[in-house]
Amino acid sequence: EAQVTQNPRYLITVTGKKLTVTCSQNMNHEYMSWYRQDPGLGLRQIYYSMNVEVTDKGDVPEGYKVSRKEKRNFPLILESPSPNQTSLYFCASSRTGYSTDTQYFGPGTRLTVL
Amino acid sequence: GQQLNQSPQSMFIQEGEDVSMNCTSSSIFNTWLWYKQDPGEGPVLLIALYKAGELTSNGRLTAQFGITRKDSFLNISASIPSDVGIYFCAGHRGGNNNDMRFGAGTRLTVKP
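Sequence order for the protein chains is A and B. Okay, so the first sequence: first residue is 1 according to the working numbering, each after it adds one. Okay, so the second sequence: first residue is 115 according to the working numbering, each after it adds one.
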């Protein structure tokens, strides 16, 4: 089944403790992206990747890192999480990064930083 | 980046009623998209609109790309309980997907 998977689905952590949220897609998509969803704000893009080894900042990249060493994986790294990073995070992928290609979203990771 | 203005924020309707929601922007977009998010899931694309004035249907859903390219609406006819969820609009300026902006969502509740 074609899908985007994220792990973990739920995470409660404490300020400053490094964490990684994994994202994997099995559709051989070139483009992958991370969003955060906050009440009243919709989805905002954190980082995106047009292809392997190519990553760039979205609208809200501060406090986050990503890497794209393989086509299928695009982990989101929070080196020193803070409470304002409490949010619902979505990974997405599409065949290419262009508007005519449908983005497929993962199921989301709900992160709470205490 | 500038987000889209989506309204209403929430709707409580009776099963069988029609629903209308819209999205506006101060900027022009070349593509408008409507997504639905079920509880505990990621957004799923419902309808994509690529041309100003375009009217597209997907079952009971109809969406239009505004003539000015600054707005779009989504209608759901004869709502059913499984229509419950959050509906998001998204505007795309063309080019790659980092030029996409999302509305804040419309939370729809359908009473049986």
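It cannot be assumed that every hint is accurate.
[To be verified] In silico lysine to any residue, SDA-like type, Cα no more than 25 Å apart, as pairs:
(1) K69/A with P122/B
(2) K71/A with K184/B
(3) K184/B with G40/A
(4) K184/B with K65/A
(5) K184/B with K69/A
(6) K184/B with P39/A
[To be verified] Covered, in the sense of this in silico footprint (three residues per stretch, anywhere, with C-beta under 8 Å from a C-beta of chain A), are these stretches of chain B:
(7) 130-137
(8) 164-175
(9) 186-195
No lab work stands behind these hints, which were simulated from the structure alone. In this text, all values refer to a predicted model and were calculated from it rather than measured experimentally. Glycine is no exception: its CB is placed at the ideal position from the N, C-alpha and C atoms.
Hints, one by one, checked against the model:
{"no.": "1", "hint": "K69/A with P122/B", "in the structure": "violated, 42 Å"}
{"no.": "2", "hint": "K71/A with K184/B", "in the structure": "violated, 35 Å"}
{"no.": "3", "hint": "K184/B with G40/A", "in the structure": "holds, 20 Å"}
{"no.": "4", "hint": "K184/B with K65/A", "in the structure": "violated, 33 Å"}
{"no.": "5", "hint": "K184/B with K69/A", "in the structure": "violated, 38 Å"}
{"no.": "6", "hint": "K184/B with P39/A", "in the structure": "holds, 23 Å"}
{"no.": "7", "hint": "130-137", "in the structure": "violated (count 0)"}
{"no.": "8", "hint": "164-175", "in the structure": "violated (count 1)"}
{"no.": "9", "hint": "186-195", "in the structure": "violated (count 0)"}
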